[in-house]
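Asker: Chains as they are written, first to last, in our numbering: chain A, 3 to 97; chain B, 31 to 179.
No lab work stands behind these hints, which were simulated from the structure alone. Keep in mind that this is a model prediction, so the values were computed, not measured. Hints should not be assumed to be uniformly reliable.
Covered, in the sense of this in silico footprint (three residues per stretch, anywhere, with C-beta under 8 Å from a C-beta of chain A), are these stretches of chain B [to be verified]:
| # | stretch |
| --- | --- |
| 1 | 84-91 |
| 2 | 107-118 |
| 3 | 136-143 |
Every residue gets a Cβ at the ideal spot worked out from N, C-alpha and C, and that includes glycine.
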Amino acid sequence: MAVKVIIPTPLRAYAGKQESVELQAATVAEALAALTSRFGDLKKHLYSEDGRLRSFVNVYVNDEDIRYLQKDQTRLREGDTVSIVPSIAGGTQIG
Amino acid sequence: MSVPVLKIREELLRRIHAHGVETYPYECCGALLGRDGDLSRDVLDLLPLENRRNDSPRNRFEVTPADVLLAEKTARQNNIELLGWYHSHPDAPARPSEFDREHAWPWYSYIIVSVQQREPRDTTSWRLRDDRSAYDSEPIESTALSASS
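Chain A with its partners taken away, still in its complex shape:
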């Protein structure tokens, strides 16, 4: 089904400068795979070297965090909006 993936501002440079991308996917995993297949440069900013979604990268379907749904196996319906939202973390190594 056709879904819309919202690209956060910092990553638009790696997605053809687009604010959103329409693609066909039945699950969140499929949507992210289709997205990173179309825009390969996005991959390293979403996934760590071991292929897992980076810990600070959060994915929402409409307004629901997929962690509280079926994670990346969350099923998508026609017209759903998938958003990629970072949490911001950091700090010194001392302490």
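The hints should help you fit chain B onto chain A, whose structure is shown.
Answerer: Just chain B now, kept in the frame of chain A:
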């Protein structure tokens, strides 16, 4: 690689310093809102946020996705952009840590203020490289309050 200048009014820098002093010895954090241009990036406002990292706030900070969405919404309502983030390093240098690098995206500006014994010291700004290998220092131009803007 040359990084455009980050322009920020002295008053806003002072607010970042004051936030770092207020939360000392814990880390403070907040959002940088403004306009992004080819030659410079202008910080026009701040959104101080609560450090949500309760287990080790002395050497870690966290802004939740809900707060990120709030910062984006606040920027949109003011017809400006969410440009990046600031945080403090209590009793540590104003340099990004490996932990910072692992949890960053390019494009955002990351201001770090070193707060030593409750006194704000160095303030630096950084941008992550496209290949995530390192940060580039982003020059800060502090501007006095002016009528232009």
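Asker: All hints, please: hold or fail.
Answerer: Structure-based check of each hint:
no.: 1; hint: 84-91; in the structure: holds (count 5)
no.: 2; hint: 107-118; in the structure: holds (count 4)
no.: 3; hint: 136-143; in the structure: holds (count 4)
In terms of the numbered hints stated before, the structure departs from none.
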